[in-house]
Every structure is written in C-alpha cells, then in structure tokens.
Amino acid sequence: MAESVNIVAFFILAVFIVIGAIGMLCTKNIIHSGFWLLEVSVVAAAIYYLLGADYIALVQLLVYAGAVSVIIIFSIMITLRRREDATRSRDFSPLALVVAIMFCALTIAVICILPTGNILMPDSAPDFMTFSLKLFSPDGWALPFELASVVLTVALVGAVWWSRKENK
Amino acid sequence: MSPIINAVIPFLAALGLLLFNGVVMIWMLRKVLGFLHLRLGPMVQGPHGVFQTLFDVLKLLSKEDITPRKVDKVLFFLAPAIVFVPSLMAYMIIPFSETWVVADLDLGLLFVFAIMSLIPLGILAAGWSSNNKWSLIGAMRVIGAQITYEVPMLLAAIPIVIMAGSMNMGDIVDAQSQIWFIIHVPAFLLFFIAGLIESGQTPFDLIEAESELVSGYATEYSAMKFGLLFLSEFSNTFIFSALLVTLFFGGWHGGFGIVPAPVVFMLKTYIGIFIIMTIRGTMPRVRVDNLLAIGWKFLLPASLVVIILTAAIIKVFPVFSGGAL
Chain A
1 MAESVNIVAF FILAVFIVIG AIGMLCTKNI IHSGFWLLEV SVVAAAIYYL
51 LGADYIALVQ LLVYAGAVSV IIIFSIMITL RRREDATRSR DFSPLALVVA
101 IMFCALTIAV ICILPTGNIL MPDSAPDFMT FSLKLFSPDG WALPFELASV
151 VLTVALVGAV WWSRKENK
Chain B
169 MSPIINAVIP FLAALGLLLF NGVVMIWMLR KVLGFLHLRL GPMVQGPHGV
219 FQTLFDVLKL LSKEDITPRK VDKVLFFLAP AIVFVPSLMA YMIIPFSETW
269 VVADLDLGLL FVFAIMSLIP LGILAAGWSS NNKWSLIGAM RVIGAQITYE
319 VPMLLAAIPI VIMAGSMNMG DIVDAQSQIW FIIHVPAFLL FFIAGLIESG
369 QTPFDLIEAE SELVSGYATE YSAMKFGLLF LSEFSNTFIF SALLVTLFFG
419 GWHGGFGIVP APVVFMLKTY IGIFIIMTIR GTMPRVRVDN LLAIGWKFLL
469 PASLVVIILT AAIIKVFPVF SGGAL
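Residue numbers (this note's numbering), protein chains in the order written: chain A, 1 to 168; chain B, 169 to 493.
Don't read these hints as lab results, they were simulated from the structure.
You may find that some hints are simply not true.
Interface residues of chain B toward chain A, partial, derived using beta-carbon atoms under 8 Å [as the list claims (entries may be wrong)]:
1) Ile194
2) Met196
3) Phe203
4) Ile234
5) Thr235
6) Ile283
7) Leu286
8) Ala293
Dumping the calculated DSSO-like pairs for lysine-lysine here, alpha-carbon to alpha-carbon at most 30 Å [claimed, not checked]:
9) B/Lys241 / A/Lys28
10) B/Lys465 / B/Lys483
11) A/Lys28 / B/Lys483
We put the CB at the ideal spot given by N, CA and C, even for glycine.
Isolated chain A, as found in the complex (with noise of 0.2 Å):
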C-alpha cells in the first residue's frame, strides 16, 4: 500500500518538476522564468523528502527556493530598466540546440553504462545523525567540506573585487 501511495506522488511530483521545467524555458516573461524555478526547486525538495532525506529536503527548501531563487528574482529585476523589458521574444538559437542535444546524448550515454540488473540501494536515505557524523567526523569528510567552503569564499572575494572594479 505505502508503495504505490509512494509512486503515485512521485509521479505527480514529476509531473510537476517537468511542467515547470517546460515552463521555465517556455515563457517569455523573465520574471515568471525565475518564479517557475522557484517551482521546479520546491518540488525537487518535496521529491528529497517522499526518498526519506528530509534534512536534504528542508536544505534545498531553505537555500534554493528560500535563498537563490530570492536572489535569482531580486537581481533580474534590478537589471530590468523598465517594466516591459520583462517580456522578450522568444529567441531560437541552434547552438543551444547542439548543447542540449549532447547533455541529453551524455546522460542516455551514463544511463547505459550503468551497470544493469539489481544496484545495492539503501532502504532509505541516512538521517540526519548518522550525515552529520559522517560529514564532521575528523576521518569522515571534513577536510574536503572545509576546503569547499574556501573555495566558496575565495569565489564571493573575488566576485566583490571584480564589481568594484568595474564601478570605477
């Protein structure tokens, strides 16, 4: 019973994701692009939380939808110097084209190297304890979570200098 409850959500949930997707490419009006990504980022978190990670989930609500899209919405509005610069034509580049037929030939191409037949599948996702043990344990991956968070940094610097410089 639970199961198929399961799959029935996960089917709607997809169904969602994809629309909002189609949506987010379709529109012509920017704003509504970032607030279909705001759509398509909550029901990615809602499909965290039906696999059972729901620290993950409440991550990707808090900094995706809660956070980036925020500032995804906030910067295009900035950059629009009046109103109707919102609503653009659609515009039909093949290049986009060629690089979106080889994303979707690279991801067919990993789905068929995956090896077939019974992949080991934990029933759920860890929880919260045993992933935060895992990620700030000295042995577990703390050094690479630090080294990240530097990189990060040193990118927001670097983001700041290069605006100031360009201010000038």
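Once you've looked at the hints, dock chain B against the given chain A.
Quick look at chain B alone, frame taken from chain A:
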C-alpha cells in the same frame, strides 16, 4: 477512524487556530494600540468591541475582489497563496503540549525556517505583479530585510539547538524542564531582534510603512486577497512568539501541574504578542540603510560569536546542556 480523517483533523484544527488567532490578534492590536495612545479602541460591537473583527471579516468577504487592469494576472492571483501557505504550514510543528503537535518532526526547527523563507517570494510576487511603484518598493524592502535577517535568526537559534541537543521542538521544550533557556540572554536578544524584522513588526515594519508606501506590497489588493496577506502577517507574528516561547521560555512548562499545558503555551505566546504590540505602539521606525547595516555589520558577526562561545562553554561545563551531548 480512517487514516485520512486522522491526518486531516489536525490540519483543520491548525487552520482553525490560525483564523481564530487572526481575529483575536487584530482586535488585540487595536485595543493595545488604543491603550498606548490613551484611546479606547473599538467599543461598539459587543462588550469592549470584541466582535469588531468578526464584522470586519464579513466585510472583507463580501467586498468586491478588484483586479486592476494592468496587473500581471497569474502572479497577482497566486501571490496571496504563496504568502499564506507557508504561514499555515509553520503551524504544523508548534508544540502546544507533549502530544498536541500536528507533525512531530526531528528537524522541526529547521522546517519552520525553511518554510518561512518562502514568504518573501510571495511578497515579491505580490509587489511585482501589482504594477505599482509603492508595491514594488515595499516588496524590495521586504526582500532586503528578510534576506538579511533570515541568517542571524537561524544562527541565533543554533545556541539553543546546541544546549538542547536536538532540533525537535518537543525535545527542546523537554530540555527546559529544569531551567528555561532564557538564561542564554545574548541568543535571546539576537533572536528577538532578528525575529521582529522577519515578522515585519515595528520598529522594523518598513515593508508596509503606511506613511511612506501606502500599504507596501498589499496596496493593490482588495477584499479577501488582502485579507489573506493581512492574516498571514498576523499569523507570522504568532509563530514568532510561539518560537520564542518554545526556544527560550520553556514551552508548555510552568503550569505547576494545575494549568493544562496548551493553556500555558497559549498564555505565554499571547504575553509575547502583547510585548511585540507594545513595542509596535511605542518605537519609531528604523531607516532602511540602518536596518541593513545593523543586520550585516552587527547581528551576523554577533550571532557567530555567540555560537562559538556557547559551544565552547558547553564543552567545558556540560552542566548547561539539557540534552545528551
């Protein structure tokens, strides 16, 4: 009972509580502000005007729902829902007593912050779709303030999580059975200031500063759409006060075994709301640039320092931790 009914009843109860709170808090706000201004407030409908808000709700429901011609129709229609639904969902994890909680999540505290972080997006949608400069400026102010203060608010709650050793709201309250976490005064002050801004209360109510921006992002809204935006704001204040009670004032503890736990919890929450309303009635508004400067230059570093100090003190003197660390 079937599982579906079991799942739906607490949800409806939360919705009912939200609506009830909205009605009571609007009346209370008018009374408290009246008291502070040496006036009576609403007095005509019922004893001391207690039925005033009910009539206001009826008025809002029966008003014409105006959609201005040049608005962005879809977003204009969706925005009140995007604002309202997170407010409602945040009610799910408020622990009224040991058993009275709709969803007892392990990550309850994170859930509140995650779900409440969607509210600015609704406000942004409302402000942009209204096609009105006041609305847009109001919405931009919200985003500026809420992005700034979301981080310190979350960080200010972390010392409490360290002390309780859990993010489950029930466990946090349980950890306070001996001593309330208000002993951690710096964390409380940081959380209180950041929370006042997050819930859009004076002295930080720039988002809809009546004297400057008509009514901010809600300017073009009428009838029950406006009602929803308004209701969500009051419900956010309630949630903020409930969070304060849960994190710092011992939740349902303190009834001496005589007063039932939910009553204790509601009483404490309403005392918190009263204090917030008193601040609203007495403090002048903060300027936008000051607001952002306080957030980035003071609250954020201060909350980081508080986290480090708390962790160090807990490590050295484990007596202060309520949970099993």
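Going through the hints against the structure:
{"no.": "1", "hint": "Ile194", "in the structure": "violated (28 Å)"}
{"no.": "2", "hint": "Met196", "in the structure": "violated (30 Å)"}
{"no.": "3", "hint": "Phe203", "in the structure": "violated (37 Å)"}
{"no.": "4", "hint": "Ile234", "in the structure": "violated (21 Å)"}
{"no.": "5", "hint": "Thr235", "in the structure": "violated (17 Å)"}
{"no.": "6", "hint": "Ile283", "in the structure": "holds (7 Å)"}
{"no.": "7", "hint": "Leu286", "in the structure": "holds (6 Å)"}
{"no.": "8", "hint": "Ala293", "in the structure": "holds (7 Å)"}
{"no.": "9", "hint": "B/Lys241 / A/Lys28", "in the structure": "holds (15 Å)"}
{"no.": "10", "hint": "B/Lys465 / B/Lys483", "in the structure": "holds (28 Å)"}
{"no.": "11", "hint": "A/Lys28 / B/Lys483", "in the structure": "violated (56 Å)"}
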